Amino acid sequence: MNKPTASASFAGTGRPLHHLGVAEASRLIGAGALSPVTLVEAFLGRIAAVDGTLHSYITVTAERARAAAVAAEAEIRAGRWKGPLHGIPFAVKDNYYVAGIRTTAGSRLMLDHVSSTTATAVARLEAAGAILLGKLNTWEYGTGNGGVYHDLPFAVARNPWDLARFTGGSSTGAGAAVAAGTAMFALGSDTGGSIRLPAAACGLQGFKASFGRVSRAHCLPNCWSLDHTGPLTWTVEDNAIVMQAIAGFDPDDPSCPDEPVPDYRKNLHAGVKGLVIGVVRDLGPEGEALDAANAAALEEAALILEAQGAIIREVRLPAPLAQYRTVTKVINWAESLSIHEADFRDRSALMGQALREKMMAGFTVRAADYLAATRLRRSLVAATDALVRSCDALLMAGAFHVAPRFDEPETITPFTADTATTVFNVTGHPALSVCTGFDAGGLPLNAQIAGRFFDEATVLRVAQAYESATPWRDRRPAI
Amino acid sequence: MPATDLTSTTDEVRLYAARHGLAGFPEDQFARLAEIATMVRETGLAIPRMPSEEDEPAHLFTATPLRG
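Residue numbers (numbering that gives the first Met the number 0), protein chains in the order written: chain S, 0 to 478; chain R, 0 to 67.
These are calculated hints, taken from the structure and not from any lab test. Just so it is clear, the structure is predicted and the values come from calculations on it, not from any experiment. Heads up, the beta-carbon is just placed ideally off N, CA and C, and yes, glycines get one too. Hints may contain errors.
Claimed, not checked - Pairwise CB distance ranges (calculated):
| id | chain 1 | residue 1 | chain 2 | residue 2 | range |
| --- | --- | --- | --- | --- | --- |
| 1 | R | E41 | S | A70 | 50 to 58 Å |
| 2 | S | A66 | R | G20 | 40 to 48 Å |
| 3 | S | R474 | R | P50 | 45 to 53 Å |
Unchecked claim - Some chain S residues close to chain R (C-beta under 7 Å, calculated; not the full set):
| id | residue |
| --- | --- |
| 4 | R264 |
| 5 | T325 |
| 6 | V364 |
| 7 | L370 |
| 8 | R377 |
What the hints assert, rightly or not - Computed, partial: chain R to chain S, Cβ under 7 Å:
| id | residue |
| --- | --- |
| 9 | L14 |
| 10 | G20 |
| 11 | L32 |
| 12 | A36 |
| 13 | T42 |
| 14 | A45 |
| 15 | I46 |
| 16 | P56 |
Could you build all of it, start to finish, from the sequences and the hints given here?
Written as structure tokens, this is what we have:
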């Protein structure tokens with residue numbers, strides 16, 4: 000079989016193979032019209048062509064992927080098609096352990112770390128037939144102080160919409176890879192927005208499901224009580240397909256409840272007629288930082304959903320955004336230091352500035368303040384849950400700004416700090432970042448759709464209704 | 000609560016670091032550690048305190064379904 004070039008296209012779509020979505024590619028593979036070997040080679044070619052400047056990957060596992068593609072092709076030809084992820088190439092943030100493959104977490108402290116275990120989410124994807132292409136760039140340990148200092152052992156991932164701009168963090172490579180087509184989908188992790196912020200900056204759909212919905216087992220922890228794992232995809236349907244494979248109880252993750260997993264595509268296209276969607280327009284004084292373009296796109300999104308029959312109701316969060324942010328900071332600092340105390344105590348000189356400064360914060364947190372944060376958290380969870388349960392879903396801002404430029408470093412930290420993503424890390428409700436168009440400069444805009452505990456299906460349904468009514472999925476970055 | 004000076008000095012954080020076994024910490028980072036310690040103290044005190052002693056923390060687990 001001839002190896003396709005990086006720009007190889009599938010005749011039935013007219014688009015490069017690396018810009019097919021999961022649902023589209025899986026239909027072609029299932030019908031025998033597209034070979035997993037061809038698809039994987041197209042992605043490896045794409046990586047070879049652009050990743051020297053994009054830096055979405057830390058490690059590419061090309062030979063492992065090729066072997067898996069050959070096996071998938073043989074299985075499918077033999078009539079053993081496993082489902083919509085069989086033969087689909089993906090990649091994971093380099094804080095997911097995969098047995099036998101280096102996991103660096105973007106750090107000098109882990110450059111030679113090879114795990115003997117595989118993250119449950121990765122194992123589930125591979126069992127469903129998906130093909131791992133490699134490990135993706137990340138902020139060090141998947142965390143930091145919000146700044147980017149260009150002092151890590153791997154070059155910083157670049158935003159495919161403008162290579163001079165930041166991808167959003169901390170799942171930097173995941174955002175870059177899915178937007179640029181160096182992976183068909185990716186897994187990231189999210190403690191305060193680290194799936195949703197790269198999705199926002201790179202024009203993707205990024206889903207942080209309910210706390211415990213997707214296993215975190217055998218991922219490098221950042222903050223036990225705020226960490227989530229989940230997918231970044233091009234379309235909402237792709238997200239539903241990936242969620243179907245990775246969601247569900249895992250005895251290796253103590254946060255996972257034994258909640259049944261519904262069929263996420265069953266009502267995906269059911270529309271929003273009659274659904275009550277609470278729109279959070281007023282985020283208090285902190286909300287004044289929201290870009291005008293993101294604010295306008297939020298209003299437009301509400302109108303689009305209303306035009307489809309949704310009942311739009313204006314609502315407010317039960318507490319100032321500042322309270323959610325402060326709770327997140329203090330819990331995150333303390334738990335992160337607890338996890339990485341030995342590294343900070345003995346090897347802090349090897350850390351980049353962003354991680355070291357976060358560890359410094361954890362080093363000085365008082366126990367009484369940490370417990371005050373967890374006590375307030377319980378109150379915030381109850382009050383926010385009452386709001387969420389009064390609607391079918393919430394629509395509100397996520398990241399307030401478009402992707403900032405690297406040569407304007409003073410704008411990098413505000414991109415991470417000026418958000419409403421932390422609300423749902425504090426409370427644990429599912430929240431999806433959806434692309435809501437582009438600003439005048441062609442940079443992606445975003446909003447969040449949040450839902451009730453373990454009602455990911457409704458979040459996806461609302462996002463699908465919005466996506467289907469807008470043209471944003473027709474545009475790809477020029478890289 | 001009486002007025003308190005929340006500022007940490009470099010000498011104070013150096014002593015604190017030594018007491019808690021911080022080894023090999025870059026010398027040029029102690030001033031930054033003092034700044035961060037001050038910011039953390041201010042952030043912690045900004046958290047509204049829950050009014051009742053029965054307002055318990057958000058727990059990481061409940062005993063009944065405890066697994067793993």
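Here's how the hints hold up against the structure:
no.: 1; hint: R:E41 to S:A70: 50 to 58 Å; in the structure: 57 Å, holds
no.: 2; hint: S:A66 to R:G20: 40 to 48 Å; in the structure: 47 Å, holds
no.: 3; hint: S:R474 to R:P50: 45 to 53 Å; in the structure: 51 Å, holds
no.: 4; hint: R264; in the structure: 29 Å, violated
no.: 5; hint: T325; in the structure: 6 Å, holds
no.: 6; hint: V364; in the structure: 6 Å, holds
no.: 7; hint: L370; in the structure: 6 Å, holds
no.: 8; hint: R377; in the structure: 4 Å, holds
no.: 9; hint: L14; in the structure: 13 Å, violated
no.: 10; hint: G20; in the structure: 5 Å, holds
no.: 11; hint: L32; in the structure: 5 Å, holds
no.: 12; hint: A36; in the structure: 4 Å, holds
no.: 13; hint: T42; in the structure: 6 Å, holds
no.: 14; hint: A45; in the structure: 6 Å, holds
no.: 15; hint: I46; in the structure: 5 Å, holds
no.: 16; hint: P56; in the structure: 4 Å, holds
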